[in-house]
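J.: Sequence:
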Amino acid sequence: MEQRGSGCQCQLLMALLSHLMLAVVAELETHAKVVGGHPISIEVVPYQVSVRLRAFDEIEFGAGHMCSGTVISQRVVCSAAHCFADNATYPPVYNDPEDYIVVGGSSHLNTFGRFGQVYLVQEIIGHEAYHPFTLENDIALVFLNSYIPWQHYTTRALPLATQQVQPGTLCLISGWGNPFRALHQGVVPIQDQRLCSFIYNHLPISQICAGYLRGGIDACKGDSGGPLVCRGQLTGIVSWGVDCGRDFFPGVYTNVSHFLKWIERANSSLDYSKFLKMHPFNGVDQRCFDFYVVISCLILAISSV
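Residues -26 to -1, 1 to 279 (mature numbering (1 follows the signal peptide of the UniProt record, and there is no 0)) make up the sequence shown, in order.
The set of hints was computed from the structure by calculation and includes no laboratory data.
Wrong hints could be hidden among the right ones.
With beta-carbon atoms standing in for the labels, derived distance ranges [stated by the list, open to error]:
#1 220 with 245: 37 to 47 Å
#2 205 with 124: 19 to 29 Å
#3 243 with 205: 28 to 38 Å
#4 33 with 247: 31 to 41 Å
No farther apart than 20 Å at their CA atoms in a straight line, the calculated lysine to aspartate or glutamate pairs in the DMTMM-like style are these [what the hints assert, rightly or not]:
#5 235 with 102
#6 251 with 73
#7 251 with 72
#8 248 with 102
Just so it is clear, CB atoms sit at the ideal spot from N, CA and C, and this is done for glycine as well.
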């Protein structure tokens, strides 16, 4: 892989600008977190990790958070395909794994806890039939470039659901979504598949929906790829919804039990004996950092108008 060092490259500058604009949009949303949830520590959900853009976390720890993921083995994290795909193309094209890092063991995005860990990403296997417009098959495996040490009690694997859960089952959602940087959790019920299909005009069996019809508790921006946990198993992956916590529109999740064979096949394609010699990210030079600061000030000024 080519070195992407400290040079002030146009690609990085455009990425910075794009990220900042998206951040402003997120800040202007009224609900941009686990809506209706409550703060928790990472010990409550040790399987949850933060998926981040390396470049932004190099500038400021926590600034790169874009999605969540769930640890399912010592080197594999399960997340949403839309977190890694070029969402303007079909069939899907997935981004360079070196663009990402995975952070585990921390309750707050900006704080590297005592048992915090940062992992480089060796490979991303996104579903080959992921559709950026319908968000069907919204699942990806993130292959880490090192093993997670199980002696750290703040990081543990979560077993996969093997069967469809019954409507009415109460499940847990969690995430770091904006504007709060601390981990939040909420409780939502699984809704009947026929009702979900009626609400959304069509919902394939590869997706499930969960939430209260009265609204109030839901996943939102920054929570994508995170877990829907039912009876101690990874049942769903945060995928999409209409607004956040809106009445009569429960959140939509990738149905993990529907993808067990795909997960097994994708996992078997990984070479666990292989550890790539990956280029460390050396940060951006002063010109790039100055550009970042100027653009940040401009966008903050625009958002305050």
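J.: Quick check: does the Cβ-Cβ distance between residue 243 and residue 205 fall within 28 to 38 Å?
T.: holds, 29 Å
J.: Against the 20 Å threshold, does the CA-CA distance of residue 248 and residue 102 hold or violate the hint?
T.: It is violated: about 23 Å lies between the C-alpha atoms, which goes past 20 Å.
J.: Is 19 to 29 Å right for how far apart the beta carbons of residue 205 and residue 124 are?
T.: Cβ of residue 205 to Cβ of residue 124: about 22 Å, so the range 19 to 29 Å holds.
J.: Taking the beta carbons of residue 33 and residue 247, is their distance inside 31 to 41 Å?
T.: holds, 34 Å
J.: Decide if the proposed pair is consistent with the structure: residue 251 and residue 73, CA atoms, cutoff 20 Å inclusive.
T.: Status holds; Cα separation ~15 Å.
J.: Decide if the proposed pair is consistent with the structure: residue 251 and residue 72, CA atoms, cutoff 20 Å inclusive.
T.: holds, 11 Å
J.: Between residue 220 and residue 245, does the C-beta distance stay in 37 to 47 Å?
T.: The hinted range 37 to 47 Å holds for residue 220 and residue 245, with Cβ atoms some 44 Å apart.
J.: Does residue 102 lie within 20 Å of residue 235 when you go C-alpha to C-alpha?
T.: Holds: residue 235 and residue 102 sit about 14 Å apart, inside 20 Å.
Hint check: a violation occurs at hint 8 only; the rest are consistent with the structure.
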